[in-house]
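J.: Below are the chains, spelled out letter by letter.
There are 2 protein chains.
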Amino acid sequence: MAERNIGITLLGFGVVGGGVARLLTEQRELLAQRTGIRFDLRHVVVRSTQAASAKAEDAWAQRLPFTTDANAAIDDPAVGVVIELIGGTSTSAALIERALKAGKPVVTANKSLLAEKGPELFALARKHDTCIAFEASCGGGIPIIQALLRDLAGNRIDALLGIVNGTCNFILTKMTQNGWSYDQSLAEAQRLGFAEANPAMDVSGRDAAQKLSILASLAFGVRLTEKDIHIEGIDRLDAADIKFASELGYVIKLLAIAERGAGDRITLRVHPTLVHKTDVLADVSGSFNAISVYGHALGHALWYGRGAGRMPTASAVIADLVGIGLGSTQAVFKQIRILPDQTSPASVLPFAELESRYYLRVMAKDEPGVMAAIATTLGKHRVSISAILQHESEHSKLVPIVISTHLAKEGAVAKAITEIDALAVTQGPAMCLRMIEQPEEFGEAK
Amino acid sequence: MAERNIGITLLGFGVVGGGVARLLTEQRELLAQRTGIRFDLRHVVVRSTQAASAKAEDAWAQRLPFTTDANAAIDDPAVGVVIELIGGTSTSAALIERALKAGKPVVTANKSLLAEKGPELFALARKHDTCIAFEASCGGGIPIIQALLRDLAGNRIDALLGIVNGTCNFILTKMTQNGWSYDQSLAEAQRLGFAEANPAMDVSGRDAAQKLSILASLAFGVRLTEKDIHIEGIDRLDAADIKFASELGYVIKLLAIAERGAGDRITLRVHPTLVHKTDVLADVSGSFNAISVYGHALGHALWYGRGAGRMPTASAVIADLVGIGLGSTQAVFKQIRILPDQTSPASVLPFAELESRYYLRVMAKDEPGVMAAIATTLGKHRVSISAILQHESEHSKLVPIVISTHLAKEGAVAKAITEIDALAVTQGPAMCLRMIEQPEEFGEAK
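Chains as they are written, first to last, in the working numbering: chain S, 1 to 446; chain L, 1 to 446.
Chain S on its own, in the form it takes in the complex (with noise of 0.2 Å):
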């Protein structure tokens, strides 16, 4: 059958910038025989093609086409593609805007980039005609992007949530499985390179946040800025916590939540979260993702898979190069209405308003009257209480006293733990984090 040859550009050889170097080498051959196409790598731009060649370990990595040139890369005539993964959002921003002025669809793993500017990009593609594809800036290899688009749209989205950072699963994981400390397990992590030497986008929950903008903007069909979540990251979590929770037959995980509530409002949250042991999400170990998505037909699905990692990765890179070679995400892409440059600003629940339930930890003076002046603070605001947890007092003289609640709303909470954390009897602040139970399937699944 007749072949095409389609020239790439590829900008960055780090993780995943080698990972998709080598599917396009070792993978030419089955590429071009299930989709007919030759996908011919032209150019992989690097800083020190030096420095390149050196890292190139393998035969067919040495033979690369390295370059340090990315504008005369980008503008080749004989290149019909550019993937950036360069990562950081000045530089790459600069040469995906050269690439879509150019015609050139631009394929990208870039979350932060498409956070802070994807609306500006998207609208840059649209006026040149081609297209960005992006399914690997968020789950890693798991073809969530696509679904979003396409799979999905006969559906009106409620809840799309999950654990979207492969470094922060890791560490809980570890942490619930081992019984470790965040310190010990964030070090195991950065031993075994699920986390970075700074993990603070990790950690924090930014990097969940960000891809969080990306997949709620495409659920809900709305504009969204990092600004709109709210964001508690992983690192001031305690070891006991992960027991208490257990007790409690809840793990605890870093979900990315948006829900759509009262008045068509979204909520939009980044937090540890308790998940009932039972949930599928409680099963979601070490570096996988999964994504849960409720449409009102589909009902409750998931997507799982490895989040993060150079070759799955790579693999959804090469998921938007067949894509884009086989003309579906152009036509995708230019048709659907529900990228972040053709729609509105998201109206969002003001997070004092949301309502969840709580699990609380409160360090308290092991004497008479302490249950009743903590209740009696939950009670004023209307915080009711679903159980208890204290344990004998050991030598210590300050005991956890753990209580998990019915719903209630975010600020009343709030308010109740800053009156909590000033009583006498107690040393503040107290743990407080949210629990779920995964939404009802709404509307007519069944």
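Hint data in this document are derived by calculation from the structure and do not stem from the laboratory. Fair warning: this is a prediction, and the values are worked out from it, not measured in the lab. It cannot be assumed that every hint is accurate.
Below, a list of computed lysine-lysine pairs in the BS3-like style, where the Cα atoms sit at most 25 Å apart [claimed, not checked]:
id	chain 1	residue 1	chain 2	residue 2
1	L	Lys227	L	Lys409
2	L	Lys55	S	Lys277
3	L	Lys334	S	Lys334
4	S	Lys277	L	Lys415
5	L	Lys243	L	Lys397
6	L	Lys227	L	Lys415
7	S	Lys365	S	Lys380
8	L	Lys227	S	Lys243
9	S	Lys243	S	Lys365
10	S	Lys365	S	Lys397
With the hints as your guide, set chain L onto chain S.
T.: Frame of chain S; chain L shown alone:
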């Protein structure tokens, strides 16, 4: 923005057909807003318009354009897409052929038809420069077909396995969670509409096998028929086996399994399978489906969702409609070369050569030497025992001896069982089930 109209003929107004009509009616504005396309339901072909109107309880459904003239509805020049949801393999094939010959894209959920005549129909679509979309044929609302067609193109797929029959999964879940018998669980499934009056297609495993033939043909890029698949249903299962499996740490699921084995030969099977309780598939309950795919780059990924039912399946039909409206489905169908009209017959490993772990339940007399006789027979066939479960005998003269094995060859196990069944101290036939560990992630997924 500019809008286009696409006229639709819907063949069939059963469970899924009704759901599609509902989505097209109620989500008309949403779909137009998202896609720029107005999907006009121009004909709903039924056997009797009176019966259809009588069945239609809602006002919107009574106003549907019912007709009994399928040919005219397909030929209508204002109709651009034909949706086939009447099932069966003769009338449906003739109508699909008529639509394809007119160059009209066809959307179908008809797995039986595709399993039987997929290659011919795909070839016919290709000849007339149009396409067949069949997202709804496997996994209900789960968008797995598009993922296999396009998003995993850069992967060598090593295994695809999962729970693809909601009826069986519902029955097994009831047997597991409630301790019910097979008959009682089946009756409950029928009462709730999860099983048909004649449940043979589902409980025999044939429905799952038809879906596996479609999924595996795409995953491995080969042509398959139902005959390539070893099929065992759930109708022989005993509540005791569910209980013993649980004691060993497993749950029993009807799995459809396709694996690439030695020499790239493929094993294809549908049978009740012991899945470890820590496995993600063990938590897939009720009528939900889940499909695991192992790609050499992607690693392990899993799709989960409602595998059947009115609205989830309708959601998948709408996904195909939208894909056709946007042109992305045609782009993929026409160029991607893994559809079974363009691939070669699979090289299938003879089932006797399968390697698996096994669960055996032998009913034996409670007397000395029994275990020795069984163990000796297994040893003779090089089947190595991994665990034994035998409880103290109660009143019964026969006691169940439960044995799990290490990896062994199917053929050897079958011979051993024949000999064990022939022992004077046992009463055959022994129950033999296969156990599965989720495949290792091959290659470089990390």
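J.: For a C-alpha distance cap of 25 Å, please report whether Lys365 of chain S and Lys380 of chain S respect it.
T.: The given pair, whose Cα atoms are some 21 Å apart, holds under the 25 Å limit.
J.: Is it true that the CA of Lys243 of chain L sits at most 25 Å from the CA of Lys397 of chain L?
T.: 20 Å, holds
J.: Are the Cα atoms of Lys55 of chain L and Lys277 of chain S separated by 25 Å or less?
T.: This hinted pair is violated, its Cα atoms lying about 43 Å apart.
J.: With a cut-off of 25 Å on the C-alpha distance, tell me whether Lys334 of chain L and Lys334 of chain S pass.
T.: Holds. Lys334 of chain L to Lys334 of chain S sits at ~20 Å (cutoff 25 Å).
J.: Given the proposed pairing of Lys365 of chain S with Lys397 of chain S, does the C-alpha separation stay at or below 25 Å?
T.: Holds. Lys365 of chain S to Lys397 of chain S sits at ~6 Å (cutoff 25 Å).
J.: Would you mind confirming whether the straight-line C-alpha gap from Lys227 of chain L to Lys243 of chain S stays at or under 25 Å?
T.: Violated, because 51 Å separates the two Cα atoms, which is more than 25 Å.
J.: CA of Lys227 of chain L to CA of Lys409 of chain L, is that 25 Å or under?
T.: 21 Å, holds
J.: Regarding the pair Lys243 of chain S and Lys365 of chain S, is the alpha-carbon distance no greater than 25 Å?
T.: It holds: about 21 Å lies between the C-alpha atoms, which stays within 25 Å.
J.: Taken at face value, is the distance from the CA of Lys415 of chain L to the CA of Lys277 of chain S at most 25 Å?
T.: 42 Å, violated
J.: Hey, Lys227 of chain L versus Lys415 of chain L, does the alpha-carbon distance stay inside 25 Å?
T.: Holds, because 23 Å separates the two Cα atoms, which is no more than 25 Å.
Checked against the numbered hints given earlier, this structure breaks hints 2, 4, 8; the rest are met.
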